[in-house]
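Top to bottom, those sequences are chains Y, G and L.
In case it helps, this note's numbering puts the first sequence at residues 1 to 277.
In case it helps, this note's numbering puts the second sequence at residues 1 to 277.
In case it helps, this note's numbering puts the third sequence at residues 1 to 277.
Don't read these hints as lab results, they were simulated from the structure.
Fair warning: there could be bad hints in the mix.
It does not matter which identical chain is used: a pair holds within one copy or between any two.
[Unchecked claim] In silico lysine to aspartate or glutamate, DMTMM-like type, Cα no more than 25 Å apart, as pairs:
(1) Lys-90 <-> Glu-162
(2) Lys-196 <-> Asp-217
(3) Lys-196 <-> Glu-238
(4) Lys-90 <-> Glu-54
(5) Lys-90 <-> Asp-117
(6) Lys-90 <-> Glu-79
(7) Lys-90 <-> Asp-58
These numbers were taken from a predicted model, which means no experiment stands behind them.
Spelled out, the chains give:
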Amino acid sequence: MTDLLTPSDLWADIAAVRERAPLVHSITNLVVINLNANVLLAAGASPVMAHAHEEVADMVGIAQSLVVNIGTLDPYWVESMEIALRAAAKRGIPSVLDPVGAGATPYRNQCIERLLDAAAPTVIRGNGSEIMSTAGAAIRTRGVDSSAGANDALDAARALAERTRGTICVSGVTDHVVDAHGRWSQLSNGHAWMTKITGIGCSATSLVGAFCAVQPDAWRATTSAMALLGVAGELSAERAAAAGQGVGSMQALLLDALQLLDEREFLRRVRLEAQRC
Amino acid sequence: MTDLLTPSDLWADIAAVRERAPLVHSITNLVVINLNANVLLAAGASPVMAHAHEEVADMVGIAQSLVVNIGTLDPYWVESMEIALRAAAKRGIPSVLDPVGAGATPYRNQCIERLLDAAAPTVIRGNGSEIMSTAGAAIRTRGVDSSAGANDALDAARALAERTRGTICVSGVTDHVVDAHGRWSQLSNGHAWMTKITGIGCSATSLVGAFCAVQPDAWRATTSAMALLGVAGELSAERAAAAGQGVGSMQALLLDALQLLDEREFLRRVRLEAQRC
Amino acid sequence: MTDLLTPSDLWADIAAVRERAPLVHSITNLVVINLNANVLLAAGASPVMAHAHEEVADMVGIAQSLVVNIGTLDPYWVESMEIALRAAAKRGIPSVLDPVGAGATPYRNQCIERLLDAAAPTVIRGNGSEIMSTAGAAIRTRGVDSSAGANDALDAARALAERTRGTICVSGVTDHVVDAHGRWSQLSNGHAWMTKITGIGCSATSLVGAFCAVQPDAWRATTSAMALLGVAGELSAERAAAAGQGVGSMQALLLDALQLLDEREFLRRVRLEAQRC
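From just these sequences and the hints, can you work out the full model?
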């Protein structure tokens with residue numbers, strides 16, 4: 001597996017984001033919009049949020065990548081996302097879709113179909129049930145939380161990668177990243193408290209956008225982004241718990257870790273497997 | 001009063017939220033939407049935010065309770081709230097209304113009337129002037145802050161409870177919870193700094209939604225939710241002040257306390273009175 | 001310069017905001033709306049956010065100042081801002097405009113023109129490239145970050161002050177505040193980490209709104225607001241760094257500092273120059 005992807009490759013991508021500070025255009029949801037901007041800044045990227053139909057294509061035109069997140073979708077915002085995905089495809093910049101709550105309502109499913117038809121995203125990231133639902137599997141989502149294990153969703157992820165010819169990330173206790181060329185990475189970092197802060201999954205998606213802007217191999221970029229968040233997440237949760245604190249303090253410490261994590265600590269902690277399947 | 005409601009009853013509700021993790025659908029304001037999601041998660045509930053007219057009734061259909069908050073209302077969002085309140089009434093799940101800034105503008109008052117006409121909420125929570133204004137009392141609100149004492153608003157709360165046949169909470173230095181059956185609880189926890197963090201009142205409303213999802217007696221559920229927030233609030237303010245910190249640090253510590261507060265500390269601090277009037 | 005403006009004058013304004021708790025109506029962007037409310041509260045002001053066309057003029061009618069921020073503009077929100085700016089001008093209350101991302105897209109530039117035509121704001125605050133673009137200078141903005149130095153933008157600021165007959169603030173490593181009467185103040189506080197938290201510039205604008213509500217000399221009020229944020233910013237960054245923490249922890253400490261900063265520490269740190277040019 002070492003020949004496919006090494007921890008040092010991941011760190012090189014983390015360093016590249018910090019050095020090149022890519023501009024990431026995000027059309028994201030109202031719950032996480034502030035956190036996602038702060039996550040991008042802490043990791044060294046530069047966020048811009050814009051959704052007006054009149055400017056969304058122009059903003060894509062100055063960005064290095066696009067992130068689209070349907071968490072609090074409505075018809076106006078879905079059209080913004082559609083325009084932006086088309087503009088990104090036309091310009092050849094990477095795009096990332098987070099199908100938050102896929103399967104929760106018929107409208108949400110229709111909107112995801114519409115976005116996939118507009119332009120296939122370079123990467124799609126979701127939890128198990130979101131990826132299964134996006135892939136067309138019959139599954140009931142319990143709100144925006146996952147009711148399917150990440151492992152169960154691997155087949156769906158591979159089918160979806162076939163359809164988009166792109167990279168699919170299924171996040172969970174273990175994160176899986178597959179692509180249309182049969183590559184498959186697994187990351188076993190993270191902490192249970194990460195599910196107790198709103199928008200950590202959405203933040204992962206934002207980071208994938210930043211990493212795709214500096215690393216043209218989207219499967220590798222996605223793996224690097226998930227590794228950074230997993231390591232920073234477990235580090236911040238451990239630090240909060242050790243101080244008798246909880247998920248509120250952890251949120252601040254997570255941003256600290258995204259900013260200050262060094263190579264030595266990253267390499268010591270990251271648990272990566274990569275293979276062809 | 002012990003026969004009506006005891007501190008141990010309140011703790012049982014807190015434990016039930018943690019254990020059952022109810023899905024709370026919130027249509028809330030843009031200022032507090034992130035904090036409210038995090039407050040629900042820290043308390044053990046599961047938040048979902050959705051406002052598109054095309055899906056709002058479907059989302060109510062998978063939730064255990066509904067929270068509606070008019071803080072940053074506009075015509076689109078008011079219609080979302082109306083659809084959701086009707087769907088919740090039809091399904092028989094509890095709904096909570098936070099009439100933020102009631103009395104501040106004529107439009108705000110009209111929207112509140114419209115929501116009350118759509119379907120009477122199970123619980124309404126506001127500060128003194130918001131409850132007085134919602135009850136139809138002639139009062140000038142100073143923005144979204146209260147210019148009437150909680151005590152002055154008790155008569156208005158009782159009149160409003162008569163109209164909705166539900167539970168009304170007037171929050172302030174002392175929180176009052178009354179219902180249409182003449183029950184009245186008072187909580188004397190909290191801290192002045194709680195008014196220095198935006199959205200603490202709205203967070204109280206969110207918690208009421210979570211508690212109503214696990215405790216069918218809405219008056220008791222509302223009292224339990226307010227008690228949890230009051231105790232967590234005073235604990236976090238005291239901890240911040242003791243460390244030479246202020247309201248910024250307190251916000252993180254508040255989430256920590258919602259997550260980690262234990263029965264012993266809760267019972268030691270809670271100051272509850274309950275009676276029939 | 002001492003006769004124009006002294007550090008003690010600035011502190012007097014900080015104390016006045018804390019004492020008088022002005023109601024500041026903000027129509028701001030979705031990324032920073034929560035932080036800006038918390039910044040206003042920590043500084044002692046009282047925020048209200050409202051954007052519905054049906055109530056925006058009424059809300060201006062009970063506020064002491066208006067803040068308008070175009071960060072996540074769309075047609076509905078731009079019209080809200082236009083109505084509010086006209087209402088503020090009619091009532092004679094101060095208004096502050098933050099032209100976030102000016103120059104990034106043609107639509108953004110058109111909206112700024114439209115807002116300036118609606119009613120000249122009392123104060124405009126932006127980074128160097130935003131002020132240059134707002135003044136009509138030909139400049140390419142890199143998203144919402146500044147690609148022009150604050151110094152380069154001084155000429156543009158003076159031209160813009162001539163047009164609006166108001167006060168213009170160009171923020172950067174050194175903050176500059178100029179007005180149509182040829183007054184010019186400079187502040188050399190702050191910390192590089194302030195650019196690593198989203199919405200710090202927007203928070204500066206919010207504080208300017210609060211200070212204009214209690215200090216009728218808008219040039220002085222703007223200088224006082226920028227001084228408070230600069231001192232609180234460097235203090236919180238130093239404290240975070242000293243504790244081995246980063247920008248996540250710094251955000252909480254910044255709110256703490258806005259709330260708890262005392263006169264002695266402020267006067268010890270503030271680096272003010274004021275002159276006629």
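Checked hints:
{"no.": "1", "hint": "Lys-90 <-> Glu-162", "verdict": "within (21 Å within a copy, 42 Å between copies)"}
{"no.": "2", "hint": "Lys-196 <-> Asp-217", "verdict": "neither (31 Å within a copy, 27 Å between copies)"}
{"no.": "3", "hint": "Lys-196 <-> Glu-238", "verdict": "both (14 Å within a copy, 24 Å between copies)"}
{"no.": "4", "hint": "Lys-90 <-> Glu-54", "verdict": "within (17 Å within a copy, 30 Å between copies)"}
{"no.": "5", "hint": "Lys-90 <-> Asp-117", "verdict": "within (14 Å within a copy, 36 Å between copies)"}
{"no.": "6", "hint": "Lys-90 <-> Glu-79", "verdict": "within (17 Å within a copy, 31 Å between copies)"}
{"no.": "7", "hint": "Lys-90 <-> Asp-58", "verdict": "within (12 Å within a copy, 35 Å between copies)"}
The structure does not agree with numbered hint 2 stated previously, though it agrees with all others.
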